[in-house]
Amino acid sequence: MTFDLFVLPFFLGLLFLLVVLVVKYSRWIAMMDVSDRVKAGMALFSVGLLKTVKEIFMESLLHRRMFRRNPLLGYMHMSFALGWFLLIVMGNLESRVYSGGHINPPYYPIFLKFFIHDKRVLPFEIFTLPGFFRFIMDLLLLYVLSGLVLALFKRTRSKWFGLKRTTQHNSFDKWSITSLWLIFPMRLLAESFTAGIYHGGGFLTNTMGSILAALLPEQILVYPAWWAYSTMLGVFFVTLPWSRFMHIPTEIVLIYLRNAGIEQGKYPGSFSEIELRSCPRCGVCIDVCQMNQAGLTGSTAVYFIRSLREQRTDTQLNSNCMMCGRCLEACPVGIDTLGLRVGARSVDNQLVASDFSYLRKKTADSKTAEVVYFAGCMGHLTPGVKQAMLRIFKKAQIDYTFLDEDGSICCGRPLKLAGLQESASKLVAENTVKLVNTKAKILVTSCPICYKVFNSDYQLESMQVMHHSVYIDKLVTEGKLVLRPAKVKAVYHDPCELGRGSGIYEQPRNVLKQIAELSDVTEERVNSLCCGGSIGDLSMNTTQRNVIRDGTLGVLCESQPDILVTACPLCKKTFDSGNMIKVKDIAEIVAENMSFPKFQEKTTTLVDP
Amino acid sequence: MNKKAIIFGYTFTRDRQIDFDANNHDICKIVAAAEPSLNLCISCGSCAATCSAGLFTDFSLRQVILLLRRGETKDLDKEISKCMLCGKCQLVCPRNVNTRNLILQISKALTSARP
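Chains as they are written, first to last, in my numbering: chain A, 1 to 609; chain B, 610 to 724.
Note that these hints are calculated values from the structure, not bench results. Note that this is a predicted model, so its numbers are computed, not measured. Every residue, glycine too, gets a C-beta built ideally from N, C-alpha and C. One should not assume that every hint holds.
[To be verified] Label-pair distances were calculated between CB atoms; the ranges are:
(1) B:Ser-721 <-> A:Asn-541: 47 to 53 Å
(2) B:Ser-721 <-> A:Ser-425: 19 to 25 Å
(3) B:Arg-704 <-> A:Ile-581: 23 to 29 Å
(4) B:Arg-704 <-> A:Lys-582: 48 to 54 Å
[Said to hold, decoys possible] In silico DSS-like pairs for lysine-lysine, Cα to Cα no more than 30 Å straight-line:
(5) A:Lys-426 <-> A:Lys-394
(6) A:Lys-474 <-> A:Lys-489
(7) A:Lys-513 <-> B:Lys-683
(8) A:Lys-266 <-> B:Lys-683
(9) B:Lys-683 <-> A:Lys-426
(10) A:Lys-159 <-> A:Lys-24
(11) A:Lys-434 <-> B:Lys-687
(12) A:Lys-426 <-> A:Lys-395
(13) B:Lys-683 <-> B:Lys-717
(14) B:Lys-638 <-> B:Lys-687
(15) B:Lys-717 <-> B:Lys-638
(16) A:Lys-266 <-> B:Lys-717
(17) A:Lys-174 <-> A:Lys-24
(18) A:Lys-174 <-> A:Lys-159
(19) A:Lys-474 <-> A:Lys-487
(20) A:Lys-395 <-> A:Lys-434
(21) A:Lys-513 <-> A:Lys-487
(22) A:Lys-441 <-> B:Lys-717
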């Protein structure tokens, strides 16, 4: 007997799922740019494929990044993913023991215990082939069930799993997860009933079967139990393409495409569609998002991505994000949440026009120098920072020119963050001409926002872009600037665009350690908090911004430092308004604590500040 | 008025009477609904004083808001397109008007209202 009617819900569900997946995948491939399609094709034959397979194994099955966040959370996800995967693989191998090595129809291994009652195998006989499989299959089922128990606990005790808040799922997802959760208990019941009657089960199912035989009429219940098991599988497969569990097949594709070197590109496009479906709505991004403090939990990455996937246009939701990148850092799937946000905004703001033709008269006149300094709009709003930098240049006897001395053209990053890439590129073009005309070797900027976009969008020939904190560190290392220690206890705040955005953590700290006693902060470096003043957000009001600012100040001031040092004029300005602690930019504290260089170099011609 | 016709040593100035009833007030209502902090503006002009674009051209957010409130929205879209969205105005605003979103909303409202 190799067929029974009850396999139909599972079998038809699986067929349906496969058809839907093939249709969806072909549509995404059709949407791809030709160059991306070539890249994706080439990746199949490259050595990188091994790396991709390894990453898929580590992330999709083992859930390594989940483990890093919280071991219990990692175990829960791993038990479902790896456990189920091994059940399928082992089940398939086991079925071949009984079919003489042939490949069986897909339902056969899944419902093997219904079709085969191998009474030759003794309980706990694990050194023969059928015995080994029987033992291992029960062990794997127990493994998955242990994850299920944890998943149930997570409903009410999410703090054990390192989650203060969990995702509020919609009713469709609830249906889907219910069917998923019921699959494994149903399998246990069906196999136990069968084992209770035929005594062909392993250590788990046999024991349970014997116990249940004493309590329940197994002969009557066994067939409905198999039907229920099959139905749950069917329901899960049919709901999968529209539920959050679409992440199971899609994440694999995402990892493959990412490793093939394909980037997000235009929005909406096939890559963004794949990213949206790769989100498992695990909710890891919710706790890390500071929007919670402002009462805007609804605009955290998980809900934002869900709204995009459901094609609900919600401008408010799209614009309520400080683009600090904490969710990007936390996301176990590595979805480019910020890129998606910019993409959604580009659709929202597509009607916003720009005309910067008035700038053209001003671009030609740039002085030439070794170093070009760009204070940026925010640098101009904090004159202390600007003046400190000029003092530092003078002290270190640098041949520099101050590009935006008479006011700056914006770098383009704010427009880019609002999804207005085309407008931003006009400003990029204007600034590029001005910068290249200076023939400088180094571009120093005081604003991390400018720094980020200079690195990502500008083609500045051989000009090296440096944030002023990095440049000061360079001057100190080269001996051009000597710092003297001041008796202050300081903490350093990593600006989002400089830290997470550009990966600069050590240089400002190196400089600060020479001046002040630097204490650690509980949330620093990649986990650094946003000051709340971010230009990434478009619609938050001041009250909400202040709540976020005060929360961050609270964390920064835990060790009761004398002074808070940051490296971003916008962070400085935002923290200053909190009136909680004295705030200084790194340039300011350096300018105040410079002593004479050990040896005086030959004076070069100076350009007056 | 043709300027060549002026020969008497004095000029005709354009009529600056504002026919409030004839003007388009819908745009202002749409923008205020999308960005309520528009209603906080006291026309102090801090935004115009610090404006990056204002250094190169006569762009003034204060004027834009005045015209918007009066309903003189005819050439406003050309004016608003000069903004670089740098956010300096938002930081100096004493009334905490969310100027960046305001500009986006004005631009969107004007473009969608255009026939």
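Checked hints:
The hint said 47 to 53 Å for the Cβ distance between Ser-721 of chain B and Asn-541 of chain A, and at roughly 24 Å that hint is violated. Look at Ser-721 of chain B against Ser-425 of chain A: about 24 Å separates their beta carbons, and that is inside 19 to 25 Å. Evaluation of the 23 to 29 Å hint for Arg-704 of chain B and Ile-581 of chain A yields a pass: the beta carbon distance comes to about 26 Å. Take Arg-704 of chain B and Lys-582 of chain A: their Cβ atoms lie about 27 Å apart, and the range 48 to 54 Å is violated.
For the hint linking Lys-426 of chain A to Lys-394 of chain A, the alpha-carbon distance of about 33 Å lies beyond 30 Å, and the restraint is violated. Of the supplied pair hints, the one linking Lys-474 of chain A and Lys-489 of chain A holds, its CA atoms being roughly 23 Å apart against a limit of 30 Å. Proposed proximity of Lys-513 of chain A and Lys-683 of chain B is contradicted: the alpha carbons are some 58 Å apart, above 30 Å. A threshold of 30 Å between alpha carbons decides the hint, and for Lys-266 of chain A with Lys-683 of chain B the separation of about 33 Å lies outside it, so the pair is violated.
Taking the CA atoms of Lys-683 of chain B and Lys-426 of chain A, the gap is about 25 Å. The hint holds against a cut of 30 Å. For the given pair, Lys-159 of chain A sits about 37 Å from Lys-24 of chain A by alpha-carbon distance, which is inconsistent with the 30 Å threshold. For the hint pairing Lys-434 of chain A with Lys-687 of chain B, the CA-to-CA distance comes to about 25 Å; that is within 30 Å, so the pair holds. This hinted pair does not check out: Lys-426 of chain A and Lys-395 of chain A have alpha carbons roughly 36 Å apart, beyond 30 Å.
Among the hinted pairs, Lys-683 of chain B with Lys-717 of chain B is consistent with the structure: their alpha-carbon atoms are about 14 Å apart, no more than 30 Å. For the hint linking Lys-638 of chain B to Lys-687 of chain B, the alpha-carbon distance of about 20 Å falls within 30 Å, and the restraint holds. Among the hinted pairs, Lys-717 of chain B with Lys-638 of chain B is consistent with the structure: their alpha-carbon atoms are about 13 Å apart, no more than 30 Å. Note on Lys-266 of chain A and Lys-717 of chain B: the hinted pairing holds, with a Cα-Cα distance of about 22 Å set against a maximum of 30 Å.
Our distance criterion of 30 Å between C-alpha atoms is met by Lys-174 of chain A and Lys-24 of chain A, whose separation comes to about 23 Å. Taking the CA atoms of Lys-174 of chain A and Lys-159 of chain A, the gap is near 21 Å; set against the 30 Å cutoff, the hint holds. For the suggested pair Lys-474 of chain A and Lys-487 of chain A, the alpha carbons sit about 23 Å apart, so the restraint of at most 30 Å is met. Restraint check: the Cα-Cα separation between Lys-395 of chain A and Lys-434 of chain A comes to about 26 Å, which is no more than 30 Å; the hinted pair holds.
For the hint pairing Lys-513 of chain A with Lys-487 of chain A, the CA-to-CA distance comes to about 11 Å; that is within 30 Å, so the pair holds. A hinted pair counts as satisfied when its Cα atoms are at most 30 Å apart, and Lys-441 of chain A with Lys-717 of chain B does not qualify at roughly 41 Å.
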